[in-house]
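First to last, the protein sequences are chains L and F.
The numbers in my numbering rise by one with no breaks, and the one at position 187 of the first sequence is 191.
The numbers in my numbering rise by one with no breaks, and the one at position 12 of the second sequence is 16.
Hints in this document: simulated from the structure, not taken from any laboratory.
Hints may be right or wrong, so weigh each one.
Identical chains share a label here; the pair holds if one copy fits it or two copies do between them.
[As the list claims (entries may be wrong)] With a Cα cut of at most 27 Å, we get these calculated DSS-like pairs of lysine-lysine:
{"hint": "1", "residue 1": "Lys-35", "residue 2": "Lys-198"}
{"hint": "2", "residue 1": "Lys-256", "residue 2": "Lys-35"}
{"hint": "3", "residue 1": "Lys-55", "residue 2": "Lys-159"}
{"hint": "4", "residue 1": "Lys-198", "residue 2": "Lys-256"}
{"hint": "5", "residue 1": "Lys-161", "residue 2": "Lys-55"}
{"hint": "6", "residue 1": "Lys-35", "residue 2": "Lys-159"}
{"hint": "7", "residue 1": "Lys-219", "residue 2": "Lys-305"}
{"hint": "8", "residue 1": "Lys-161", "residue 2": "Lys-311"}
{"hint": "9", "residue 1": "Lys-35", "residue 2": "Lys-55"}
{"hint": "10", "residue 1": "Lys-256", "residue 2": "Lys-159"}
{"hint": "11", "residue 1": "Lys-161", "residue 2": "Lys-35"}
{"hint": "12", "residue 1": "Lys-344", "residue 2": "Lys-55"}
2 protein chains.
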Amino acid sequence: MITTENPTRTEISDLGEYALIEHLTREFEIKNTSTIKGVGDDAAVIDNADKQTVVSTDMLIEGIDFDMTYTPLRHLGYKAVAINLSDIAAMNATPKQITVNIAVSNRYSVEALSELYAGIYLACQRYDVDLVGGDTSASPAGLFISITAIGEVEKGKAVYRSGANVHDLICVSGDLGSAYSGLLILEREKATFKANPNYQPDLASFDYVLDRYLKPEPRLDIVKFLNEKGVVPTSMIDVSDGLASDVMQICKASDVGCEVYEEKIPIDYATTMVCSEFGQLLPISNALNGGEDYELLFTIKQADYDKIKDCNEVHVIGHITDKSMGTMMVTPQNTTIELKAQGWKK
Amino acid sequence: MITTENPTRTEISDLGEYALIEHLTREFEIKNTSTIKGVGDDAAVIDNADKQTVVSTDMLIEGIDFDMTYTPLRHLGYKAVAINLSDIAAMNATPKQITVNIAVSNRYSVEALSELYAGIYLACQRYDVDLVGGDTSASPAGLFISITAIGEVEKGKAVYRSGANVHDLICVSGDLGSAYSGLLILEREKATFKANPNYQPDLASFDYVLDRYLKPEPRLDIVKFLNEKGVVPTSMIDVSDGLASDVMQICKASDVGCEVYEEKIPIDYATTMVCSEFGQLLPISNALNGGEDYELLFTIKQADYDKIKDCNEVHVIGHITDKSMGTMMVTPQNTTIELKAQGWKK
C-alpha cells in the first residue's frame, strides 16, 4: 500500500530543488481564467473583478494527523487538498487556487513524493482548482504538508460562523461518524498486523467508512445546491472536529444556544455496523466526537426550509435557541443533555 | 537568547487549540480595508476591486532553515514573515495579508510560541500586513513555520522573472553577502561555545551582518520608489539563493544571457571585514552564493536609467545579453567567467 516500498527510488538530492518542483508540478494545468500566473515565480497572481477572495490554510503532519502505516500517499495528497477546499466550501465560496508547501525527510523518495502529488493532482482535477505555488523542502523527520486554498464568492455571500439567529434551523449534509469509524478499522488492522505480520486484512466490507476517512470530499455540491436554490445560510462550518465541537463553535461565534435532536443526526448503516463490531450499542458518539467527516454544518432561516426540504443530502437536525438555553442535545427519550466538545485533540 | 529557557512555562496542552490561537493572535488588529474577515473562521475573506491578487508561500524548518541555538524566536517570527513579504515585493506588489501555520513539538512552551508570534506581530506592524488565518498544530519533532502572503498590484504591473530583454540594465538594491557573513559569525560562535561553554561572545562589532541574517527586511521601499518614479521593471526576483543563482533564474525564465560586472556588485564594508577575519581575500563569493540577503534583483529598460540613477539604494551591476552569450561575470581584470549557481542547498 505504501509507495516508499517501490523498487524504483530516486533520491531527492539527485534532482535538485528546482528540478524537483518542475517534476512534481509538470502535469498541473491552469484551468481558471483568474489565475494570471501560477507556479514558477516569486508569487502567484490572481485576477479579481467584483468578487471577494477567500483564503484558508491547514497543515497535515506525519504521526499527528496521519499514520503512514495505513495512509497511501496518493490518498494523503488528495485529502490534504480536500480538507482545505472544505474550509472554502464552509465559507459558501468556490475554491480556485491552492499553494502546497511540503517538507519531507530523506526517507521519502521522488517516487513517493510523486504519489503524493498524484493525489494532489487528482483533487485539483476533481474540483477545478489550480496549483499556483509552493515550496518543497527537506525535513529532519517525517512529512509535513501545509496547504493554502484561495476561493471566491460574490460580494455579500460569504457565510461566517457568527451569523446564526434564534429559531434558525440547524442543517448538516451527508452523514456523520463514518470517517471516525474508518479510522477505528484502520487502527484495529494495524494492531492486528503488529501482532501477526502474516495477517492479511480483508477490508472490502468496510469500503465506505475507509473511503470516508482516507479520501474525504469537500461538499462543494452542497454549496452549489444552496446557491441554485437561492439559500444563503446564516452561518456555516465544516465538520472537522465532530458535530458537538463544531455546533458549539457556531453557537459561540453567534452568541446563541442550540437544541440538536439525537435521532435526527444522520448516521450511515456502515457506521452502525462498525460500532456494533466494536461493541458500541450506539454510533452517536462517533458522530458527535469523531470528526473528519468534512460535511457542512449550517443554519438557515425557517423561511428557507421549503427550498431545502427535498434534498436527500441535507438533514435538519435541530434549531438555534437563546444563549441562556445552552448548547443541548435532546435524546430519543426526550431527555435534554448538554453537548460536550472534545478539547485539544492532538 | 533562547526564550524556551524562560522560567514561566505553560504547556500548550494546558490551553487547548482554540485558546492557544486566541492567545497568540489577540493583539493583531486588522489594518487593511480589503480584509473583510480575518482569523477565526474557516477561511479569511479579502475584498478586491480592480487590482490583482498576488500569493506567495514559504516554509522555515528547524534544523534545515534555522538553528535554534542562535536564532531568537522573536527574530525567527519576524524573518518568517519578512521573507514571504520579500516574494510579494519581487512581484512589484504590496503585501496585505498573511496566514501562518505552525507545527511545534512539546519542547516549546506557550511563552516560546508567544515570542515567535511577537516577531510575527512586529513584522505585520512594520509592513501594515494583516494576519488573517492559520493553524497551530503539534509536531513530533522541531518547529515548522509555513506562511502564505497575499498582496495586491495594479492590473498589468505585476513583474515576473520572465520579462528581461537584451540590453536591459540589471539592478540590485542594498548590498549583497552580508546575511551570509552574519551566518558565518553565528556558526563560529556556536562552535566556540561548544568547545567552551563558559565563553561569552562579543558580537557588538558584527551588529550589521547579524541583523542582515537574523532580521532581514523586504525591500518594499524599493517597490514604492520604483512606482513613484514610474518605473516598472521588466523582470524581478528577490535575492534569496545568492546573486549567481538568482540572476540565472531571471536569464532562464527570460531566455536571455547576462553580463554582470564584479566590481559593480554592492558589498558592505562590514561584509569585507568578516571575510578578512575568515581569511577570505575577497567577499565576492559571499555575494554570489551566500543568499538570504532578500534584496531585489531586477532589470529595467535603458530608457529608465535616468529615473533610478540618483538612488543610493539601487545599483546597476550589468546588462542583459543574447542567450547565446551565456550568463557571465566580468572581473576587474576584464576576464569573463561563467556564473555558477549552487544547487539544492538544503
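| Which numbered hints are broken by the structure, listed smallest first? | 1, 4, 7 and 12
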